[in-house]
Amino acid sequence: MKNLVASLRELAGLFVEDGALALAIIAVVVVAGLVAALAPAASWLSGLILLCGCLGVLVVNVATAKRG
Amino acid sequence: MSSGRPLRAGPVGGHLRVTLQRDYCMISLHAGSAVTAAFLASLVEAVEALTIVLAVAVVRGLRPALLGAVAGLAVLALIVVALGPLLDRVPLNVLQIAIGILLLLFGMRWLRKAILRAAGIIPLHDESTAFAKEEAELREQVQRHEQRLDWLAGLASFKAVLLEGLEVVFIVIALSAGRGVLLPVSAAAFAACLLVALSGVFLHRPLTRVPENALKFAVGVMLSAFGLFWTGEGLGVDWPGADLAIIAFIALFLGTGLACVALLNRRGAAAKTAS
Numbered sequence: 001m002k003n004l005v006a007s008l009r010e011l012a013g014l015f016v017e018d019g020a021l022a023l024a025i026i027a028v029v030v031v032a033g034l035v036a037a038l039a040p041a042a043s044w045l046s047g048l049i050l051l052c053g054c055l056g057v058l059v060v061n062v063a064t065a066k067r068g
Numbered sequence: 001m002s003s004g005r006p007l008r009a010g011p012v013g014g015h016l017r018v019t020l021q022r023d024y025c026m027i028s029l030h031a032g033s034a035v036t037a038a039f040l041a042s043l044v045e046a047v048e049a050l051t052i053v054l055a056v057a058v059v060r061g062l063r064p065a066l067l068g069a070v071a072g073l074a075v076l077a078l079i080v081v082a083l084g085p086l087l088d089r090v091p092l093n094v095l096q097i098a099i100g101i102l103l104l105l106f107g108m109r110w111l112r113k114a115i116l117r118a119a120g121i122i123p124l125h126d127e128s129t130a131f132a133k134e135e136a137e138l139r140e141q142v143q144r145h146e147q148r149l150d151w152l153a154g155l156a157s158f159k160a161v162l163l164e165g166l167e168v169v170f171i172v173i174a175l176s177a178g179r180g181v182l183l184p185v186s187a188a189a190f191a192a193c194l195l196v197a198l199s200g201v202f203l204h205r206p207l208t209r210v211p212e213n214a215l216k217f218a219v220g221v222m223l224s225a226f227g228l229f230w231t232g233e234g235l236g237v238d239w240p241g242a243d244l245a246i247i248a249f250i251a252l253f254l255g256t257g258l259a260c261v262a263l264l265n266r267r268g269a270a271a272k273t274a275s
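As they're listed, the protein sequences go chains A and B.
Take the first sequence: its position 20, counting from 1, is numbered 20 in the working numbering, and each next residue is one higher.
Take the second sequence: its position 209, counting from 1, is numbered 209 in the working numbering, and each next residue is one higher.
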């Protein structure tokens, strides 16, 4: 059981290492998705949110990273 | 990229030729960047797996190392055979969103780590250190479980090949989904793995001279760009320039990543001067 949990944790670790980064990316996608659903005619706005959101999340995350 | 023939805008035939040529260029562009990303990512993953397999071979001999690696490859093949047909049944936009989000998570995780390593915030990944660590762990296990040595060593090799291989499989599927480039992308990944395996066979030591952080930086940039593109496509975003947008995203992620490294380096230097 312990081995299974450890393996599952390693598998999840392929995508999520820094929880804050993963949550922020998901949040950006959710906001872009909501905009796409509410205003399908303005798909460019969803694209802009995705692009600026992902780049912004990256910059903020590395800028606030602590020395390890 | 193109056939080399001049583009001539004739009436209907000319228009068709221009359209076909443009579509061909788009497919080549997409395939080219996907093949490069798959090759580089697979190279990094294969080097990491090789380090552990070699450590197992050094501690317990070639047999458990190879048996574990072959078992890992067999499980990987089973996963591909089982999941492959299922992917065809998933609606394209759902597949694009799911793969796009996973690529964003995966690519931005690599990019973040590569930026922090390049800026000296976290230590660089060193294959000789990873090799020594794995070797020490195995030797410690040897002392604790004398009777299960080969089994434990084989399991370490199996886990390394399976986990790193899963990353390769995911990258191949994600980069080729719905674009008809599965064959070239798979071939690139296979070539990278074969290259690393052959290097391991001839060198018998970890590949420490591979510029892993630079490769991770490049792959993180490319996977993040593909992830952004796919997620947008899945949400119905009509990207300007269609597939050409991927190149713009690559440039944007690369520029942002390099700017972050420069910023963090300057901040580190300023902090050192102040103290």
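Keep in mind that the hints were calculated from the coordinates and are not lab data.
Owing to the predicted nature of the structure, the values given are computational and were not obtained by experimental measurement.
From the three backbone atoms N, C-alpha and C, an ideal C-beta is built for every residue, glycine too.
Treat the hints with care, as some may be off.
[Stated by the list, open to error] Derived lysine-lysine pairs resembling DSBU-like cross-links, with alpha carbons at most 35 Å apart: (1) A:66 to B:159; (2) A:66 to B:272; (3) B:133 to B:159; (4) B:133 to A:66; (5) B:272 to B:133.
[Stated by the list, open to error] Beta-carbon label-pair distances, calculated as ranges: (6) A:39 to B:241: 15 to 25 Å; (7) B:85 to A:39: 30 to 40 Å; (8) B:211 to A:10: 17 to 27 Å; (9) B:262 to A:44: 22 to 32 Å; (10) A:19 to B:123: 36 to 46 Å.
[To be verified] Chain B is faced by these chain A residues, among others (derived, beta-carbon under 8 Å): (11) 29; (12) 31; (13) 43; (14) 50.
Okay, the hints, checked on the actual structure:
no. : hint                      : in the structure
1   : A:66 to B:159             : holds (30 Å)
2   : A:66 to B:272             : holds (15 Å)
3   : B:133 to B:159            : holds (16 Å)
4   : B:133 to A:66             : holds (24 Å)
5   : B:272 to B:133            : holds (31 Å)
6   : A:39 to B:241: 15 to 25 Å : holds (22 Å)
7   : B:85 to A:39: 30 to 40 Å  : holds (37 Å)
8   : B:211 to A:10: 17 to 27 Å : holds (25 Å)
9   : B:262 to A:44: 22 to 32 Å : holds (30 Å)
10  : A:19 to B:123: 36 to 46 Å : violated (21 Å)
11  : 29                        : holds (6 Å)
12  : 31                        : violated (11 Å)
13  : 43                        : holds (5 Å)
14  : 50                        : holds (5 Å)
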